[in-house]
Amino acid sequence: MKLKEIVTLLDAELLTSDVDLEKEIPCAFASDLISDILMCTKEPTLLLTGLTNTQVIRLSDMIDLLGIVFVRGKIPSQELIEMAEERNLALLCTKLTMFRSSGILYNTGLRSCTI
Amino acid sequence: MAEYWSINPGLEETCKEFLANIPEADVTLEFEIEEKDFVSAGKGSAEVKNVLKRLGIDPAILRRVAVASYEAEINVAAHSNGGKMYCYIHDDFVYIKYEDKGPGINNIEQAMIPGWSTADELVREMGFGAGLGLPNIKKNADFLHIVSEPGGSTSVEILIYYK
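If you read the protein sequences in the order shown, they are chains C and A. Going by this note's numbering, the first sequence opens with residue 35, and the numbers climb by one from there. Going by this note's numbering, the second sequence opens with residue 1349, and the numbers climb by one from there.
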């Protein structure tokens, strides 16, 4: 699934510039717990989360995140957005809940990331 | 003093040999870890990953090193009075040691149980405290050694081969 389809499906807003909307997203993971997210060591993945502190960007330094979707309408700080820009990491924001967002993407064919 | 060992099967001899006679590393990196500093915590592990990446280490290994190291680094920031991280990069493996200024782990066996956590409210609000820190380190490291003195300091050593 392409990133632009995810933007449409989740009615998401792009928070970073220069995002490659044609980027292929093979899988996703959703969690608000950092250690849970760190289980994704097998392959690059899209992350859905409600966490908006800067450690979320630090996570992308450890595992390979293809982008982050902030759910439940949460908007991260400007500092976090700048950190993402430096890393060329796409940030999206949706008003949908984590359950609903995950359900929509899963039903449209996006698979769970291997852990 | 309490101690905990976890060595991947087949590596017992190699690891013990290494510890008995630690050779000089090709690259040594050192980082301060401040208590409850969640702005900087993780920078050391990110730097280690970057250096290993430049050396051409396999991405899957890089993620294992980064996750194990990050969890250990966060543990120092979240649970101790601060400490240091020393990273030694060798030809075929990386060896990282974390030393803190206390207050020690009460029960290491219990701390190894997935889901067990003593994290406070501040730490949990940040998304930490899932009780998976040490299990995640164990899962990703070829070798994990913890020495802790209740009321004293804790040292955590990890070793990961590039193969």
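There may be inaccurate statements among the hints.
DSSO-like mimics (lysine-lysine), calculated; alpha carbons at most 30 Å apart, straight line [said to hold, decoys possible]: (1) K1511/A with K76/C; (2) K76/C with K1391/A; (3) K76/C with K1401/A; (4) K1401/A with K1384/A; (5) K76/C with K1364/A; (6) K1401/A with K1511/A; (7) K38/C with K108/C; (8) K1391/A with K108/C; (9) K1486/A with K1384/A; (10) K76/C with K1432/A; (11) K1364/A with K1432/A; (12) K129/C with K108/C; (13) K1449/A with K1511/A; (14) K1364/A with K1487/A; (15) K36/C with K1511/A; (16) K1449/A with K1384/A; (17) K108/C with K1384/A; (18) K1391/A with K57/C; (19) K57/C with K76/C; (20) K57/C with K1401/A; (21) K1432/A with K1401/A; (22) K57/C with K36/C; (23) K57/C with K108/C; (24) K1487/A with K1511/A; (25) K1486/A with K76/C; (26) K76/C with K1449/A; (27) K1487/A with K76/C; (28) K1384/A with K1511/A; (29) K1487/A with K1449/A.
Bear in mind the hints are in silico, worked out from the structure with no lab data behind them. Keep in mind the model is a prediction, meaning the values are calculated, not measured.
Quick rundown of the hints versus the structure:
With a C-alpha separation of about 16 Å, the suggested pair K1511/A and K76/C falls inside the 30 Å cut-off, and the hint holds. Restraint check for K76/C and K1391/A: the C-alpha separation of about 22 Å stays at or below 30 Å, so the hint holds. Proximity of K76/C to K1401/A is assessed by CA-CA distance (about 16 Å); at most 30 Å being required, the pair is judged to hold. The hinted pair formed by K1401/A and K1384/A meets the criterion: a straight-line CA distance of about 28 Å does not exceed 30 Å.
The straight-line distance between the Cα atoms of K76/C and K1364/A is roughly 29 Å, inside the 30 Å bound, and the hint therefore holds. Proposed proximity of K1401/A and K1511/A is supported: the alpha carbons are some 14 Å apart, at most 30 Å. The suggested pairing of K38/C with K108/C holds, with an alpha-carbon distance near 20 Å, which does not exceed 30 Å. A C-alpha spacing of about 25 Å is found between K1391/A and K108/C, which places the hinted pair at or below 30 Å, so the restraint holds.
This hinted pair checks out: K1486/A and K1384/A have alpha carbons roughly 23 Å apart, not beyond 30 Å. Restraint check: the Cα-Cα separation between K76/C and K1432/A comes to about 29 Å, which is no more than 30 Å; the hinted pair holds. Restraint check: the Cα-Cα separation between K1364/A and K1432/A comes to about 24 Å, which is no more than 30 Å; the hinted pair holds. Simply put, K129/C and K108/C have alpha-carbon atoms about 8 Å apart, close enough for the 30 Å limit, and the pair holds.
The suggested pairing of K1449/A with K1511/A is violated, with an alpha-carbon distance near 34 Å, which exceeds 30 Å. Note on K1364/A and K1487/A: the hinted pairing holds, with a Cα-Cα distance of about 19 Å set against a maximum of 30 Å. For the suggested pair K36/C and K1511/A, the alpha carbons sit about 33 Å apart, so the restraint of at most 30 Å is broken. Using a Cα cut-off of 30 Å, the hinted pair K1449/A and K1384/A holds, with the two alpha carbons roughly 13 Å apart.
Taking the CA atoms of K108/C and K1384/A, the gap is near 24 Å; set against the 30 Å cutoff, the hint holds. Taking the CA atoms of K1391/A and K57/C, the gap is about 27 Å. The hint holds against a cut of 30 Å. At most 30 Å may separate the alpha-carbon atoms for a hinted pair to count; K57/C and K76/C meet this at roughly 19 Å. Taking the CA atoms of K57/C and K1401/A, the gap is near 23 Å; set against the 30 Å cutoff, the hint holds.
With a C-alpha separation of about 22 Å, the suggested pair K1432/A and K1401/A falls inside the 30 Å cut-off, and the hint holds. About 6 Å separates the Cα atoms of K57/C and K36/C, which keeps this hinted pair within 30 Å; it holds. With a C-alpha separation of about 23 Å, the suggested pair K57/C and K108/C falls inside the 30 Å cut-off, and the hint holds. For the hint pairing K1487/A with K1511/A, the CA-to-CA distance comes to about 16 Å; that is within 30 Å, so the pair holds.
Taking the CA atoms of K1486/A and K76/C, the gap is about 16 Å. The hint holds against a cut of 30 Å. A C-alpha spacing of about 34 Å is found between K76/C and K1449/A, which places the hinted pair above 30 Å, so the restraint is violated. Of the pairs offered as hints, the one joining K1487/A and K76/C holds, with about 13 Å between alpha carbons and a cut-off of 30 Å not exceeded. For the hint pairing K1384/A with K1511/A, the CA-to-CA distance comes to about 35 Å; that exceeds 30 Å, so the pair is violated.
Proximity of K1487/A to K1449/A is assessed by CA-CA distance (about 25 Å); at most 30 Å being required, the pair is judged to hold.
Of the numbered hints listed earlier, those contradicted by the structure are 13, 15, 26, 28.
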